[in-house]
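Student: Each chain, letter by letter, is given below.
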Amino acid sequence: MEYYLHLVLNGLVIGSIYSLVALGFVIIYKATKVVNFAQGELVMFGAYICFALTVQMGLPFLVSFFMTLIFSVILGLCLERVILRPMIGEPIISVIMVTIGLSTVLKAAIQLFWGTQVRVYPQVLPSEPIWILGLPVAPVYIAAFCLSVVLFVIFSLFFKYSTMGIAMRATAFDQQAAQSMGIGVKNIFAMSWCIAAVVSSIGGIILGNINGITPQLGHLGLKVFPAVILGGLDSLLGAALGGLIIGVLENLSDGLAQQFFGLAGFREVAAYFILVIILMIKPYGLFGTPEIERV
Amino acid sequence: MSLLEVRNVTLTFKGIAALMDVGFSVEKGQIVSLIGPNGAGKTSMLNCISGRYHPDSGEITLNGKNLLALPAHARMSTGMSRTFQNIALFKGMSVLDNLMVGRHSRITYGLLASLLYFGRARKEEDIHRRRVEEVIDFLGLSSYRHKVAGSLPYGVQKLVELGRALAAEPELILLDEPMAGMNLEETEEMARYILDINEEWKITVLLVEHDMGVVMDISDRVVVLDFGQLLAEGAPEEVQSNPDVIAAYLGGENASFLGI
Ligand SMILES: Nc1ncnc2c1ncn2[C@@H]1O[C@H](COP(=O)(O)OP(=O)(O)OP(=O)(O)O)[C@@H](O)[C@H]1O
Ligand SMILES: [Mg+2]
Numbered sequence: 001m002e003y004y005l006h007l008v009l010n011g012l013v014i015g016s017i018y019s020l021v022a023l024g025f026v027i028i029y030k031a032t033k034v035v036n037f038a039q040g041e042l043v044m045f046g047a048y049i050c051f052a053l054t055v056q057m058g059l060p061f062l063v064s065f066f067m068t069l070i071f072s073v074i075l076g077l078c079l080e081r082v083i084l085r086p087m088i089g090e091p092i093i094s095v096i097m098v099t100i101g102l103s104t105v106l107k108a109a110i111q112l113f114w115g116t117q118v119r120v121y122p123q124v125l126p127s128e129p130i131w132i133l134g135l136p137v138a139p140v141y142i143a144a145f146c147l148s149v150v151l152f153v154i155f156s157l158f159f160k161y162s163t164m165g166i167a168m169r170a171t172a173f174d175q176q177a178a179q180s181m182g183i184g185v186k187n188i189f190a191m192s193w194c195i196a197a198v199v200s201s202i203g204g205i206i207l208g209n210i211n212g213i214t215p216q217l218g219h220l221g222l223k224v225f226p227a228v229i230l231g232g233l234d235s236l237l238g239a240a241l242g243g244l245i246i247g248v249l250e251n252l253s254d255g256l257a258q259q260f261f262g263l264a265g266f267r268e269v270a271a272y273f274i275l276v277i278i279l280m281i282k283p284y285g286l287f288g289t290p291e292i293e294r295v
Numbered sequence: 296m297s298l299l300e301v302r303n304v305t306l307t308f309k310g311i312a313a314l315m316d317v318g319f320s321v322e323k324g325q326i327v328s329l330i331g332p333n334g335a336g337k338t339s340m341l342n343c344i345s346g347r348y349h350p351d352s353g354e355i356t357l358n359g360k361n362l363l364a365l366p367a368h369a370r371m372s373t374g375m376s377r378t379f380q381n382i383a384l385f386k387g388m389s390v391l392d393n394l395m396v397g398r399h400s401r402i403t404y405g406l407l408a409s410l411l412y413f414g415r416a417r418k419e420e421d422i423h424r425r426r427v428e429e430v431i432d433f434l435g436l437s438s439y440r441h442k443v444a445g446s447l448p449y450g451v452q453k454l455v456e457l458g459r460a461l462a463a464e465p466e467l468i469l470l471d472e473p474m475a476g477m478n479l480e481e482t483e484e485m486a487r488y489i490l491d492i493n494e495e496w497k498i499t500v501l502l503v504e505h506d507m508g509v510v511m512d513i514s515d516r517v518v519v520l521d522f523g524q525l526l527a528e529g530a531p532e533e534v535q536s537n538p539d540v541i542a543a544y545l546g547g548e549n550a551s552f553l554g555i
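Line order of the protein sequences matches chains A and B. Letter 132 of the first sequence, counting from 1, is numbered 132 in the numbering used here, and no numbers are missing. If you want the numbering used here, it's the 1-based position in the second sequence plus 295.
What the hints contain is simulated information worked out from the structure, not anything from laboratory work. There may be inaccurate statements among the hints.
Straight-line C-alpha distance at most 27 Å; calculated DSSO-like pairs for lysine-lysine [to be verified]:
1) A:K282 x B:K442
2) A:K160 x B:K418
3) A:K30 x A:K186
4) A:K160 x A:K186
5) B:K386 x A:K160
6) A:K30 x B:K442
7) B:K386 x B:K360
8) A:K282 x B:K386
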């Protein structure tokens, strides 16, 4: 029993990071209708920048953390300006191809600077476990989970209630009308890329603290697809739950496959199994908006 | 100086002129109607003012500020807002959210302040909410507050669009056929609102409308376009008795509206 509980708890923590990255993905999709295939590489970017600042430049962790966020904002602005703005008005599929190219470039650049071996963050939080439900849990796991939840609450409130967040939603619905309301559509696009870069970076930094980092981190982007498709591409709550569900199911099924069938590595594919099953039942995901065409 | 001045505006689409050398002005505090047969260029004119179209030549100023130098989205913060002939609400969003979008041009804080909800953001969000509630009360929309805009009856959607434009606290409001497709009762209600906006809220109105009864009733001045050209401009009675205007409308389905 304890074994399963442990699987669930670990799944929740990893899932909360998926949720965070999924959040970035959904925000870009909501505001710009672009499916961002470089989401995982944004995670990697944050993780490596923070690594460089803490380990290679020896800055205190908190300082590096906030500086990484600033770098992410700059990256978001550059990406929008240099890569995406020239694509405005092009078919959406071209823009998506551009994000695939972007993911390759980012990954290559990171391997160029930092190589391919595992890099380890210095220990930030104490390793003394905290006991939850009679199970030892590392503080970094708890911090990761809490940070994800806090970010989620902030962004949900932002989109639901703030004038700026409402403007971002409006832009997603009708760019022309949004423009006539005084909304700078390009600014909104830039904002959504900045937010996506920032939350992904935070996800990357958390992962770095838990597992260390390699350029394989970018594959996280692929895990996020099941999470967002499960939740519905345009729903924040969906992204949060989708991430958690994928995290937990992935960990559980991996544990079970090992225990009963002696299979290792089921983790890698579990998410996609789950995805296929759910899409057969609910094609718009759990919370997605079905396309409504009124004639 | 007039509030809005339009001078020598020409707009062409692939060589075909939609507006030819059109000029008129709107004085502060007035209700000015822009009329003309179908295809005369009324909507095109509003689009030039609001920035959706860019005229080939001419000048448009609001409070002396050159509007043509500003991109569409920057024009709202100069003090104008508009509605559309074909309703352009954010259909999947609630009425309340639609009106909140109208507040966007009033935001003075950045993304970070907004996310963390501190300082100016906190104070301003309060003001935004209060203004939107005022508009909701004024237009009697409170029972629709949380309804999805696209699901509402046509007449109510027209009101919501008016509300969204009002939420921006404009000095000048551009209304493109606010009464189109409405029944008599709804038309009267809308005319009442336009008069109230003008008198109580001190908002200058540029109205495009086909219902001549309403136009002649509530306008201070009337500007007539025909085939993209300025045909006449003046007080309602002057325009009504102008032979050119009568000729333009005669034979058309609109002749009866002129009351001749
Ligand atoms: N985007 C466009 N592309 C091409 N032609 C256009 C465009 N917009 C307007 N026109 C043309 O410009 C002319 C004026 O159109 P406009 O919509 O301004 O007329 P209107 O006075 O608003 O008419 P209505 O009373 O029917 O609304 C028409 O001949 C129209 O076909
Ligand atoms: Mg028109």
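Student: Indicate, hint by hint, whether the structure satisfies it.
Tutor: Here is how each hint holds up against the structure:
1. Restraint check for K282 of chain A and K442 of chain B: satisfied, since their Cα atoms lie roughly 25 Å apart, inside the 27 Å limit.
2. Under the criterion of a C-alpha separation no larger than 27 Å, the hint pairing K160 of chain A with K418 of chain B is consistent with the structure, at around 18 Å.
3. For a cut-off of 27 Å, the pair hint linking K30 of chain A to K186 of chain A stands: about 14 Å separates their Cα positions.
4. With a CA separation close to 21 Å, the supplied pair K160 of chain A and K186 of chain A stays within the 27 Å bound.
5. Among the hinted pairs, K386 of chain B with K160 of chain A is consistent with the structure: their alpha-carbon atoms are about 16 Å apart, no more than 27 Å.
6. Distance restraint check for K30 of chain A and K442 of chain B: the Cα-Cα separation of roughly 21 Å lies within the 27 Å cut-off, and the hinted pair is therefore satisfied.
7. Among the hinted pairs, K386 of chain B with K360 of chain B is inconsistent with the structure: their alpha-carbon atoms are about 33 Å apart, more than 27 Å.
8. The suggested pairing of K282 of chain A with K386 of chain B holds, with an alpha-carbon distance near 24 Å, which does not exceed 27 Å.
Violated hint: 7 only; the structure is consistent with all others.
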